Amino acid sequence: MLEGYYKLLDQNTRHLLLIVPELLVTAGFLLGLIFDCIAPEERRKSTAYICLLFLVAAMWVNVTDWNTFVHEKPRLELKRVEIPKDPSRPVVWEAKPVQSMRSDTLFTGMVARDTYGMYFKFVILLGTAVSLLMALNAKELAGNHRGEFFLLLTATCLGGMFLCSATNLLMIYLSLETLSILSYAMAGYLRQDRKSAEAGIKYAIYGAMASGVMIFGMSYLYGLTGSLNLTGPDGVVAKWFELRATAAPSMQGAYLAVLAMVFVGLLYKIAAAPFHYWSPDVYEGAPTTATGFFSVVPKAAGFAVLVRVLVEFFPIGSTAGFGYHHSKMEVALGAIAIVTMTLGNLAALGQSNAKRMLAYSSVAHAGYMVAGLSMLDDGRGPAAVLYYLLVYLFMNLGAFMVLVALENFRGSCDLKDLKGAIRREPMLATTLVIFLFSLTGLPPLAGFTGKYLIMVKLAERGNWLMVLVIGLNSVISLYYYMRIAKAVAIDPPEAAATTSEPTPAVFGFLAAGKVAALVLLFVYFKPVYDLCMSVVDPLR
Amino acid sequence: MQEQFSFPLLTMFVFAPVIGMAAILLVPSKRADIIKTVAAAAAAVPLMIGLYLFFAFRDTGALQYRENLLWIDGLNVHYALGIDGLSVPMVVLSGVVGFLAVVASWGIEKQIKGYFALILMLLSGMNGVFCALDFFLFYVFWEVMLLPMYFLIGIWGGPNRVYAAIKFFLYTMAGSVLMLVVLLATWYWSDGSYANVNNPAELAAVNAAKESVVALRAGAFDRLAMIDPDITRVPARLKRAVLAQDGVAWAGNVDRDLINAKDLKLRLDNLPPTIDGDKHKVELEKAQLLLTVKLERTFSLTELKERYLLFTGSFKLFEFLRPLPFAALMFVFLYVAFAIKVPVFPFHTWLPWAHVEAPTAISVILAGILLKMGVYGFLRISFGLFPTEAVHFAVPMAVFGVFNILYGACCAMAQDDMKKLVAYSSVSHMGFCMLGMAAMTTWGMTGSVLQMFNHGTSTSMMFLLVGVIYDRAHHREINKFGGIANQMPVYAGMMTLALFASMGLPGLSGFVSEILVFLGSFRSDMGNYSRPDLSFQSMTVIAAIGVVLTAGYLLWMMQRVFFGPLNERYKGYADMNGREMFTLVPLAVIVIGLGVYPQPLINLTKNSVEKLQQHVLRSNGIESAERTLKTMADRAAPAAPAPLAAEPAPAHVESAPAPKPAADPERTSELEPQRGVEADPVKAREVAMAGEGR
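Residue numbers (my numbering), protein chains in the order written: chain A, 1 to 540; chain B, 1001 to 1694.
Quick caveat, the hints were computed from the structure, so don't treat them as lab data. Since the model is a prediction, treat every value here as computed from it, not as a measurement. Note that CB positions come from ideal geometry on N, CA and C, so glycine has one too. Accuracy of the hints is not assured; some may be wrong.
Label-pair ranges, simulated between beta-carbon atoms [unchecked claim]:
| no. | chain 1 | residue 1 | chain 2 | residue 2 | range |
| --- | --- | --- | --- | --- | --- |
| 1 | B | His1280 | A | Thr319 | 47 to 55 Å |
| 2 | A | Leu256 | B | Pro1325 | 36 to 44 Å |
| 3 | B | Val1336 | A | Lys526 | 38 to 46 Å |
| 4 | A | Pro233 | B | Ala1201 | 46 to 54 Å |
| 5 | A | Ala516 | B | Val1282 | 52 to 60 Å |
| 6 | A | Pro274 | B | Val1541 | 57 to 65 Å |
| 7 | A | Met427 | B | Val1589 | 37 to 45 Å |
| 8 | A | Gly232 | B | Thr1292 | 28 to 36 Å |
| 9 | B | Trp1106 | A | Arg423 | 22 to 30 Å |
| 10 | B | Val1399 | A | Leu256 | 33 to 41 Å |
Computed list of chain A residues with no C-beta within reach of chain B, every gap over 12 Å [as the list claims (entries may be wrong)]:
| no. | residue |
| --- | --- |
| 11 | Thr26 |
| 12 | Glu148 |
| 13 | Met209 |
| 14 | Gly212 |
| 15 | Ala254 |
| 16 | Trp278 |
| 17 | Ala320 |
| 18 | Thr430 |
Based on the sequences and whatever the hints tell you, model everything.
Shown next, in the form of structure tokens:
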């Protein structure tokens, strides 16, 4: 017994070497924390640089890790070939490749080590790094002990990284809570600002409610199956199906209800209808940097775990598990998608604040992505969603970033305050317009490709209604995106600039980089899409 | 043959303005002179190419100057450019009008850098639309144009510019969503997987499409074998060039595909007419051979056109909804998408707004080129991909066209604003395009293409002229003017010329296209072999009223603006300056030149139009009288040597009498009277007329 314990320890320590990106982010967070405590007030800006350094290092390790992981030689396992009838013959050994090389679980099944997780980690790290740069140059955060904000961002990123590779109910819950609780703090970061405080409280209440429902469902799952691991023959999913098959008909509803509770928590995280009510208020009240961050990073992590859990129950392209009910799931998720995107877009029409508008627009984009998720007959639906998330990172974070830059000298994100901002910042305002066009889904920008890939998949499934709905939603969204574009680029300025400080050059570089990324992802989308396909593949 | 490919002419045509745009973005915004010069230089490249093509292009009915590169492998998207007689007039027009619009923008004072960057981007987008041979690429260019247009109207327009811009944007975007659905659907349908192979008719359609693919590839093989008998030794560059000419996909193992196709073609061609006296066995054998051919989904407009028979079956929006006939629904979707652009009633309401609010140069581009993209889309995509539906919907289309003519004219008559008047006159004139196109006769369709060109030039003139007076008076109220003719005689002369061209005075270009449209639609037979279609005859007569109305509103406007007592406010107005003359004189030369001698333009487009018409009619089992007689004449005369680079047309297009598309067997009976065509005196007379017309 003791031997087994040692073996376990040994394995776990070894596994620590396989989560270097997470460890790096943790190290960055801790070092930043210490630095922030001991450094004098005026040097605290450097906290961000420390965090950034470690984030970039984590990103680099993540990519190299990915590279070695993909090119790893298949590990061989020696197996004895049994020849029961003739004991006199020598025992024959055979070298067999280990079954699933691509998908390793770490820490006795707590987190998975697969390219899928690595892809999302990359997205999350990139999003956080850009958000950090935004936070560094955002005026609204200045003088508010903003070292803390940088640390919150970094720690949230850590939660997100674990969330997207978690394969254990407890791990999912823990990392989700890490992500959420830190987000509440970020939303309410501007303590003096009533709206920000309100956003923090609202976020916390809604989030607590959703997590409560989810953990309630999870506790039932654990009680039913006696396991916390999602995968594996003794895992939650396998056990759940096993038990349900033998359960009394009157209990079937209860089994489904438990599952529904878990999905409620996950849908809440991605702000899909009807669990999206928190997002506009939170997005509007939170500091703009945090809003941009919320709209990308927690959402990406939420999608990561949603896909992971969903795929366990509805295996891609297979009839195992719930596989026979793919079409029902398609209708259910399709309905959620239609409601989400339509509600989001219609609600955005009447807004007068750019932040709130983009908040609703991000609800709508969640709808497009859920539409892509609804088709699990092969990997292309989820792969399109993965691609969309990457593109979405660039365009949405880009839009928020420019808003931060404009807010710096206009004081708010109300459309009336943004008017004529192009006079002051021609380059940034132009890129904002480009980001908005990409969000609408117009070529030659990657936003079009993302939508197009989802539509292609929908069309292949024969779901033309959804294709049409997405198309018409793009037309609706065009109207409000153009309202922002019009305010920024066409209208004459009304509000005077609150400051004459020049906009930091980093905004310009980042915006140019994002625009270039959007164009490149449009022209050469195939390699990235193939990558997404290969990433989704091991989930089968 | 290879010389054509040494220089990517069309890529230059499309992307030169974008290069100019990039250059402009690097120039500091204070150097207005440099910006303008760069813009003019960038716009001059398409102009030069357009003019070169006007003189150098010989319309054989085939696509020329093709470029073909694989863009996105998995989706089979190609960067495919090419032009034929349908696009060349538009290419020329786009080059000329685009350049003149840039020159006409010289007077812009607000945010010069942004303006010229956007206008160059706009030029690239519209040039691309006229050259794209890939549906995906077409869509991309179509959309690329929206962004600059929105801002050009929204920033540099009149008082209501934002409303006008967003209206334009939303209308077009709504149309393009429908086009996107068609784009996706035709892609999925194009591999025949939606055809029901248990239905002999649809199986035949799939096989016909496969045969055309085999024929294309075998043709490419032949031409490669002319360069080197062992085609694997042909350099890749040359191979790509030869393949590009047919638009054959360049992906995977090209040599193997080509050799296989050649082999298959030989075996198909050498099938005996009967096996054991049984024709069906031959069909079976053929089907067996074709089983090995896999159709790939494609966006290529040329290939989709060959595969129109595959667009059958029903279209289900959703599992629980009633299925709708696929091709008809797609045609309607495309109709809406293009009708918004043309614009056809009731989708025209964005146009007056956009025109009135847009700055002069943008109005010129809008009326001169953008509207034509709709008609061009009809000809290139709707008619090419859905020829059967094109005939089914011909009468409704013509009705909308005629309604457009009259409605636009009546609206124009009621306007006080000069620009609005010209805008509504555009609505009216585009109705002629619709009518001529829907008539499906060579004359009608040629007239339609000519009308696009001529309306493009004459309306551009009118908008430029309205701009000239607006620059001086700062208003466009017709009733506030009077007696301008004495003050600005050259201006009045130019305006008179433009108005007369627009109303179709003989000797000016408008007349030629209108008369062609009328002649064409009046004798449109539409599969009714004994006599021209009565509905078209009556519609033509009604449409002719439009000419009178046109003359009415234009002359009335002229009278109110130019004649009568001189309004004292306008005393001392200078006549047109050099730059204004520079933009107007070329257009005036074109208008007069093509009015007197329209043959060059007709030659540019005639063969392609005829080919498209044949494609449409034959797909409906209709053999037009002209064609029958021509075939008879060809048969009587010793066969002329076929042109060298004749397009490898699929067998079902060229053979006579028309083999029926097996897709609609109920039309069989309509084929019967065709045999009597030779003896039909009415037809014979028409053919004689057609002969004179050329």
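Going through the hints against the structure:
no., hint, in the structure
1, His1280/B - Thr319/A: 47 to 55 Å, "violated, 41 Å"
2, Leu256/A - Pro1325/B: 36 to 44 Å, "holds, 40 Å"
3, Val1336/B - Lys526/A: 38 to 46 Å, "violated, 31 Å"
4, Pro233/A - Ala1201/B: 46 to 54 Å, "holds, 53 Å"
5, Ala516/A - Val1282/B: 52 to 60 Å, "holds, 58 Å"
6, Pro274/A - Val1541/B: 57 to 65 Å, "holds, 60 Å"
7, Met427/A - Val1589/B: 37 to 45 Å, "holds, 43 Å"
8, Gly232/A - Thr1292/B: 28 to 36 Å, "violated, 45 Å"
9, Trp1106/B - Arg423/A: 22 to 30 Å, "holds, 23 Å"
10, Val1399/B - Leu256/A: 33 to 41 Å, "violated, 56 Å"
11, Thr26, "holds, 39 Å"
12, Glu148, "holds, 40 Å"
13, Met209, "holds, 34 Å"
14, Gly212, "holds, 36 Å"
15, Ala254, "holds, 29 Å"
16, Trp278, "holds, 31 Å"
17, Ala320, "holds, 23 Å"
18, Thr430, "violated, 8 Å"
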